[in-house]
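J.: Sequence:
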Amino acid sequence: MPLSSESLQALEEVANRLATESVLALPGRDEGLVPSFSLLGDLRDLCVGEPGLSDPIVALRARFETQLDAARPFSEELVLGLRALVSWLPGAIGSLRSGRSIPVLATPAARQTPETSATVGQMDREMRAEELLSVNLQDNRELLMEFHGETVEHLQQIEAALLTLDQRPEDPEALNSIFRSFHTIKGNAGFLDLGPMQALAHEVESLLDLARNHQLRLTAPVITAILHSRDALQLLTHQVGVALQQNRLPVEIIPVRHLIEQVRRFASTNPGDDEIASALRGEHDNVELELPELPSSVQPPASALSVLGATSSAPKAASSTVRVNIDKLDSLMDVVGELVIVQVQLLETARQLGGDPASPMQRNFAQLQRITKELQHTALGLRMIPIKPTFQKMERLARDLARNLEKKIQLVTSGDETELDRSVIEEIGDPFVHMVRNALDHGLETPAERLAAGKAETGTLSLRAWHEGSSIVIELKDDGRGIDPKRIYQKAVEKGIVPKDTILSREEILMLIMAPGFSTAEKLTAISGRGVGMDVVKRNIERLRGTIGIESEPGRGSTFKIRLPLTMAIIDGLVVRVGSDRFILPSTAVQRALRPARENISTVHGRGEVLDLRGRLIPIQRLHRRFGIAHEAKQPWEGIVVIVEHAGKTSALLVDEMISKQEVVIKNLGAFMQNLPGVAGGAILGDGTIALILDPTSLLHAA
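Heads up, the sequence shown is in the numbering used here, so the first residue is 1 and it goes up one at a time.
A portion of the hints provided could be inaccurate.
What the hints assert, rightly or not - Computed cross-link-like contacts, DSSO-like style, restricted to lysine-lysine with a CA-CA straight-line distance of at most 30 Å: (1) K373 - K328; (2) K455 - K561; (3) K486 - K500.
As the list claims (entries may be wrong) - The following label-pair restraints were derived from C-beta to C-beta distances: (4) S5 - L375: 41 to 49 Å; (5) Q246 - D171: 33 to 41 Å; (6) S462 - D209: 29 to 37 Å; (7) A106 - K408: 30 to 38 Å; (8) L504 - Q410: 30 to 38 Å; (9) N140 - V58: 39 to 47 Å; (10) R265 - S38: 29 to 37 Å.
Please keep in mind that the hints were generated in silico from the structure rather than gathered at the bench. Note that CB positions come from ideal geometry on N, CA and C, so glycine has one too.
Please work from the sequences and hints to get the whole structure.
T.: Structural data, given as structure tokens:
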């Protein structure tokens with residue numbers, strides 16, 4: 001049985017993630033080994049019934065399993081096999097999609113050298129000497145819970161300060177902050193008998209002490225080594241979190257001895273000995289290490305609710321904040337949502353009963369409404385966390401990718417204290433990873449290309465965030481080569497995404513880069529070029545009821561602007577009526593509503609009914625046709641048209657009546673109506689009836 005289009009889409013996404021992990025694969029190292037093994041298992045499960053595709057995947061996964069069972073890092077043969085599979089997969093999946101025979105995977109021969117064998121042998125010896133993290137849950141559960149939360153925060157502070165030092169190596173405040181964090185982790189880990197964490201933190205602390213005493217210069221390779229040590233500590237901290245949540249003790253050794261040896265070599269290197277630093281640079285300059293995501297219940301608490309570490313330098317923070325389980329916050333939000341519904345129902349009942357507006361009951365209702373509003377905003381505020389950790393992750397990604405691509409960049413951030421809902425924060429990580437990768441790989445030129453174009457050798461990538469009404473706007477801007485609309489249009493026609501001779505506006509052409517399978521890359525790399533990425537960005541943003549816009553000028557750079565709702569729990573909605581049914585449109589998607597004049601409505605061949613709005617022809621979609629329900633307005637001028645914006649396009653929805661604008665609590669419709677095109681959820685109105693919350697993007701796309 002041939003694979004469905006959904007399975008092929010899932011295959012492409014997993015293949016793209018495997019390609020990213022393959023960048024980390026180096027002989028003698030283990031970064032990316034376990035994630036690659038896991039992704040190969042996902043690929044195997046997705047292509048059941050297609051032996052031409054699954055056999056090479058199963059064979060390579062078996063070699064990974066042998067390597068992991070022996071506790072060995074990547075061999076050169078395994079690295080070559082992984083990269084060969086990554087290069088072969090896009091063509092194989094494309095052949096499967098078009099019904100052609102799958103090409104045979106050519107297995108590359110490994111180039112065994114004495115140096116490679118020595119490196120692998122040395123790494124094997126070092127890994128065998130590692131200790132398994134010993135977590136004593138029986139005696140130290142409470143202490144471990146406190147240690148886990150504090151260490152997660154210290155590791156975030158370490159990464160932020162290291163990225164500052166990468167730009168300003170002489171910044172004493174950042175250096176002292178890192179030193180204090182490693183010192184605290186070392187002391188707490190030693191007290192709890194967490195051997196590998198204590199040993200690694202101790203070595204890094206000693207290295208940082210040399211830098212504080214001006215006996216060591218913090219060069220880029222040194223900072224990279226400290227970053228990798230920080231990543232290893234995060235993996236070990238993750239093991240503590242899993243043990244606390246699932247009562248499952250660590251069974252996998254996280255290798256730290258090679259990091260300890262690297263840190264020691266830097267500590268013993270003369271600050272002026274650039275030759276040794278250059279020799280070590282190749283061991284450290286790699287792309288970002290993908291770390292496993294913690295389950296929500298062991299995620300670090302929101303910064304507004306957390307104790308800021310156990311160091312003596314922050315005594316006030318411990319007395320002014322408290323840790324709260326995220327499940328309790330979610331429960332509070334649900335209760336507040338129910339309260340909002342009951343309050344609206346009471347007001348509706350009071351209106352129906354009539355009475356004196358100045359009566360004590362009406363005054364009490366007004367007071368209830370005010371208190372409910374304050375409680376709702378307070379509960380929402382508890383869920384809000386700064387976007388700073390996401391921006392910080394992008395800084396790390398940009399730094400590592402720039403070194404890998406041999407480009408010079410300056411990443412500028414502003415508005416990183418802007419807050420939005422935790423659930424939104426969790427969903428925007430992947431889209432931003434894709435966008436930053438594209439900006440660095442496609443957008444920014446090499447230093448030589450920039451100098452030839454009359455630009456500064458160092459490119460600028462800026463990330464900004466700000467609040468705008470009930471939305472947050474996030475902007476990613478670069479001063480690179482920009483996007484050529486002619487080239488985009490030509491590629492789209494070649495790939496069959498748009499028919500030849502289709503007339504599109506500049507904005508519509510730029511949005512074509514979001515189409516599935518679209519890519520302008522001339523060559524396939526592990527970073528981009530497979531046509532999977534920007535469509536993932538668009539899909540994730542739309543799932544959050546957000547919009548994305550693109551502005552670009554060839555030779556001057558590109559700007560991607562994302563608009564997202566502040567929260568996914570409560571929205572401002574426009575309540576409209578079609579026949580006897582009511583629907584809710586998110587006000588963030590609504591531009592305006594009007595009753596059109598008869599002379600402004602016309603029919604255009606190939607586009608159907610359109611509204612002439614100040615010279616712009618806007619297509620009209622009749623909402624009653626989408627849901628097959630009764631309606632009153634037979635002609636557009638007899639009803640109301642609501643102008644909505646979606647994916648850079650503007651359309652008009654024809655409804656019978658616009659009832660009101662109000663805040664509504666989003667309710668899940670359950671599995672029966674899950675993924676219904678055009679519907680984002682449901683809401684209970686004041687009279688107790690249920691109204692569907694519409695998703696303009698998927699609604700008009702389906703139409």
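J.: Do the Cβ positions of R265 and S38 conform to the proposed distance bound of 29 to 37 Å?
T.: holds (32 Å)
J.: Per the hint of 30 to 38 Å, is the separation of the Cβ atoms of A106 and K408 within bounds?
T.: holds (37 Å)
J.: Would you say the C-beta atoms of S462 and D209 sit inside 29 to 37 Å of each other?
T.: holds (35 Å)
J.: Indicate whether the distance between the beta carbons of S5 and L375 respects the range 41 to 49 Å.
T.: Roughly 46 Å apart at Cβ, these two residues keep to the hinted range, so it holds.
J.: Range hint 30 to 38 Å: satisfied by the CB atoms of L504 and Q410?
T.: holds (34 Å)
J.: For the pair we were handed, K455 and K561, check the Cα-Cα distance against 30 Å.
T.: holds (24 Å)
J.: Is the Cα-Cα distance between K373 and K328 30 Å or less?
T.: Roughly 20 Å separates the two Cα atoms, so the pair holds.
J.: Just to be careful, I want the Cα atoms of K486 and K500 compared with a cutoff of 30 Å; is the pair within it?
T.: holds (13 Å)
J.: Lying within 33 to 41 Å: is that true of the beta-carbon distance Q246 to D171?
T.: Distance hint for Q246, D171 holds at roughly 40 Å.
J.: Indicate whether the distance between the beta carbons of N140 and V58 respects the range 39 to 47 Å.
T.: holds (43 Å)
Violated hints are absent here; each numbered hint is respected by the structure.
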